[in-house]
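Chains as they are written, first to last, in the working numbering: chain A, 3 to 120; chain B, 3 to 120.
You may find that some hints are simply not true.
Any copy will do: because identical chains look the same in the list, a pair fits if it lies in one copy or spans two.
With a straight-line Cα cutoff of 20 Å, these simulated EDC-like cross-link-like pairs (lysine to aspartate or glutamate) come out [to be verified]:
(1) LYS64 - GLU107
(2) LYS64 - GLU35
(3) LYS64 - ASP16
(4) LYS61 - GLU18
(5) LYS61 - GLU8
(6) LYS61 - ASP75
(7) LYS64 - ASP74
(8) LYS64 - GLU110
(9) LYS61 - GLU110
(10) LYS64 - GLU26
(11) LYS61 - ASP97
(12) LYS61 - ASP38
(13) LYS61 - GLU39
(14) LYS61 - ASP74
Since the hints were derived computationally from the structure, they do not count as laboratory data.
Number of protein chains: 2
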Amino acid sequence: MALVWEQVVVDAVDPEALAAWWREALDWVTVSEPGDEPELRPAADSLPGLLFVRVPEPKSVKDRLHLDFRPDDQAAEVARLEALGATRVDVGQVDPSWVVLADPEGNEFCVLGSRHDG
Amino acid sequence: MALVWEQVVVDAVDPEALAAWWREALDWVTVSEPGDEPELRPAADSLPGLLFVRVPEPKSVKDRLHLDFRPDDQAAEVARLEALGATRVDVGQVDPSWVVLADPEGNEFCVLGSRHDG
Chain A
3 MALVWEQVVV DAVDPEALAA WWREALDWVT VSEPGDEPEL RPAADSLPGL
53 LFVRVPEPKS VKDRLHLDFR PDDQAAEVAR LEALGATRVD VGQVDPSWVV
103 LADPEGNEFC VLGSRHDG
Chain B
3 MALVWEQVVV DAVDPEALAA WWREALDWVT VSEPGDEPEL RPAADSLPGL
53 LFVRVPEPKS VKDRLHLDFR PDDQAAEVAR LEALGATRVD VGQVDPSWVV
103 LADPEGNEFC VLGSRHDG
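Given these sequences and hints, build the entire structure.
See the structure below:
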């Protein structure tokens, strides 16, 4: 393959804090060195990962790209993420099979229906 | 793992056209049925993929999340992508090791330094 998908870059006002939040949310590993831009992967050798880079401006509009995750148990995962500080977001969704949440900097992401629901 | 990263969702004014562009750009496969929201993956059983969903509004600000790809040969890949219609974008980058391009709807993405550069 000529192009390998290495990462999604996430602009952040506080990249260290946002990366720490996502590491906990996803149970991923940090592959960056301390002091470098924080980079997370599902496992050390698993691509793509998430790389958090500092920008001065906060999020201003609905993200044009967002992440979708498939849970084992949707209700349990949504409750766990809300306990970590995720917030429910209304983006006009009408399909009740997925739940839209936002991370601490407001980035929308979805928890899809549970795997066993098909 | 409690949450599996299934896809990045890309908002698009013309999801079919944008998905067709990315399929060509990445040499990925379409895993969606005709008429459904277009979904691409590196291979049929390889996650995460890209899912393109229709929105009424065009892109308005720099994407908060963007995709980074690692090429075998950066110059060759950038030339190929520009021939497909990608455009160079100035987001204030100062590191010359990567090239910032935009897809036909203006979504920024990066072609990183070639693998053999380290």
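Each hint, compared with the structure:
In this assembly of identical chains, the alpha carbons of LYS64 and GLU107 lie at most 20 Å apart whether taken from the same copy (12 Å) or from different copies (16 Å). Proximity of LYS64 and GLU35 under a CA criterion of 20 Å is satisfied in neither setting, with 31 Å inside one chain copy and 27 Å between copies. With identical chains, the CA atoms of LYS64 and ASP16 are at most 20 Å apart both within one copy (19 Å) and between copies (18 Å). With identical chains, the CA atoms of LYS61 and GLU18 are at most 20 Å apart within one copy only, with a shortest distance of 16 Å there and 27 Å across copies.
For a Cα distance limit of 20 Å, the shortest separation of LYS61 from GLU8 qualifies neither inside one copy, at 23 Å, nor across copies, at 23 Å. In this assembly of identical chains, the alpha carbons of LYS61 and ASP75 never lie at most 20 Å apart, being 30 Å within a copy and 34 Å across copies at closest. Proximity of LYS64 to ASP74 under the C-alpha cut-off of 20 Å is found in neither arrangement, the shortest distances being 27 Å within a copy and 34 Å between copies. In this homomeric assembly, LYS64 and GLU110 come within 20 Å of each other (Cα to Cα) both inside a single copy, at 7 Å, and across copies, at 16 Å.
In the homo-oligomer, the alpha carbons of LYS61 and GLU110 lie at most 20 Å apart both inside one protomer (11 Å) and across protomers (16 Å), since each shortest distance falls under that limit. Taking the closest pair of Cα atoms, LYS64 and GLU26 never come within 20 Å of each other, the shortest separation being 24 Å inside a single copy and 27 Å across copies. In this assembly of identical chains, the alpha carbons of LYS61 and ASP97 never lie at most 20 Å apart, being 25 Å within a copy and 23 Å across copies at closest. Taking identical chains as interchangeable, the C-alpha atoms of LYS61 and ASP38 are never at most 20 Å apart, the minima being 22 Å within one chain and 30 Å between chains.
Taking the closest pair of Cα atoms, LYS61 and GLU39 come within 20 Å of each other only inside a single copy of the chain (19 Å); across copies the shortest separation is 26 Å, beyond that limit. Neither within a single protomer nor between protomers do LYS61 and ASP74 lie at most 20 Å apart by alpha-carbon distance, with minima of 30 Å and 33 Å respectively.
Violated hints for the displayed structure, listed by number in ascending order: 2, 5, 6, 7, 10, 11, 12 and 14.
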